[in-house]
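S.K.: Place chain B on chain A using the hints.
For the record, the sequence lines run as chains A and B.
Under the working numbering, the first sequence has 1193 at position 220, and the numbering climbs by one with no breaks.
Under the working numbering, the second sequence has 1135 at position 162, and the numbering climbs by one with no breaks.
No wet-lab data here; the hints were simulated from the structure.
This one's a predicted model, so the numbers in the text were calculated from it and none came from an experiment.
Note that the list lumps identical chains together, so a pair holds whenever it fits in one copy or between two copies.
Okay, derived cross-link-like pairs now, DSBU-like style, lysine-lysine, Cα gap no bigger than 35 angstroms in a straight line:
| id | residue 1 | residue 2 |
| --- | --- | --- |
| 1 | Lys1080 | Lys1070 |
| 2 | Lys1017 | Lys1070 |
| 3 | Lys1070 | Lys1214 |
| 4 | Lys1017 | Lys1080 |
| 5 | Lys1214 | Lys1017 |
| 6 | Lys1214 | Lys1001 |
| 7 | Lys1214 | Lys1080 |
Number of protein chains: 2
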Amino acid sequence: MERSELEFATPDTVRLAIRENRWQGVTKRLALGYHQANVTIVPKALAFDFMRFCFNNPKPLPLLDVCEPGNPAPPRAAPNADLRTDVGGYVILRDGKVAERVPSLEKHWRDDHVAFLTGCNLSLDRILLESRIPLPHLVDDQAFPAQFRSSILCRPAGPFQGPLVVSLRPVFEELVIPLVELTSRFPLSHGAPVHIGDPQKIGIEDLQQVHWGRPNEILPGQIPMFWACGITVQAVALASKIPEIIVHAPGHMFVTDLLVRELSVTPTV
Amino acid sequence: MERSELEFATPDTVRLAIRENRWQGVTKRLALGYHQANVTIVPKALAFDFMRFCFNNPKPLPLLDVCEPGNPAPPRAAPNADLRTDVGGYVILRDGKVAERVPSLEKHWRDDHVAFLTGCNLSLDRILLESRIPLPHLVDDQAFPAQFRSSILCRPAGPFQGPLVVSLRPVFEELVIPLVELTSRFPLSHGAPVHIGDPQKIGIEDLQQVHWGRPNEILPGQIPMFWACGITVQAVALASKIPEIIVHAPGHMFVTDLLVRELSVTPTV
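In isolation and in its complexed conformation, chain A is listed as follows (with noise of 0.2 angstroms):
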């Protein structure tokens, strides 16, 4: 299947395309105008401490819905769609390890598991192409963001701390001031950028040592640009040695039926 044939599809056709196997990309410029969500499971025990990390730390983990424990329907954000099929791959983490990468969770869904869903970067993609910001990611088909562990530190919330990890955007000059005014109007997609410049002064040694996604190339007169990420709750997890943590597999997104433009007003969804 080619992405073209997905990237103005609706959320459901993507939702069944990744379920029945016939996508299995990641889900960047698909379903163009809906919110991607970053998906993290967690036993019914630590959910009640990871939405307050959540909503301590709101640029890497806008929330965009919460399960009823042991449902896998997200209420607001995809009420027909299911969390154990409808995503391209999960990674098990256990006791602060990377315990198994499943593509699905069917046989491993349990009553007590409650599902949050996180806003995403890629949620922009549709408002980037129409506003031209001709951000790596939308130019090469094959480049994606590349991602850090920063040396910024989350706040804490009962069992869950851990480093902030960002995604780097190189960005012309002329385009860093209207990215910081289009993101920041956009807080459920990780808003406006947490650092602009010298990588070192958020603990980035080397841009090339990526540590998820690819490494992105800088071209002359480019600026790195850095935004919180979803992909801090995998950091999380292994700094905080949760004893069970399930998250999707990186760029596999899920995709809501929430527009982006329509939501962007409310404060919590």
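M.R.: Chain B alone, transformed into the frame defined by chain A:
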């Protein structure tokens, strides 16, 4: 102590006056420009459900802060305050009934109590005064917005369910649109109104039969405007027969260190 002494006081000055019983009135027009908050305290076993209830109902319950279990200091909204003593009074509800009204929580606070702060209309008093929008409670020193149980239902979460409570402001016609524009920019203070005009359309038969607050006279040429109200928590506690829930005494809000102007652009504070 005169209200005028506290109108432009800092939040900690107001909280100290309340703690030392030098101020025993309602908090309208105090520490103008700072967020005032509804306080809700539940046992830890209900905390995740209540936090989801706030998330599901951001108009009546926009989250300003969540305390660590057992800790009466709001970590972001006023880390040096003590919710046990810095609020003018509390109502303890048990099993759907008002069990007790107490001046402070010094003898009632437990290690498993979790406190939540949610936004309040009174936070906008300064902006309304500066915008020269003469709402009745700002013109008449004795007036306080009337509040009603409406026929609109909240989105449930766990055991929490019940009616949306609305507050009434009678508004001259030429101010209706400006007030929708202005309040929609402050989602953490209940945002835009939920209804304008005929009270019967939201289940209110008689504007003189108020459920909380004081009746407001509707002058010729005025239109009733209704905003979601934080007293929703009390109505929901009664309707849901929650085993234990503690709320601030109506009108006696907690005065936070959060500036209204500063936080209105962030998604979840």
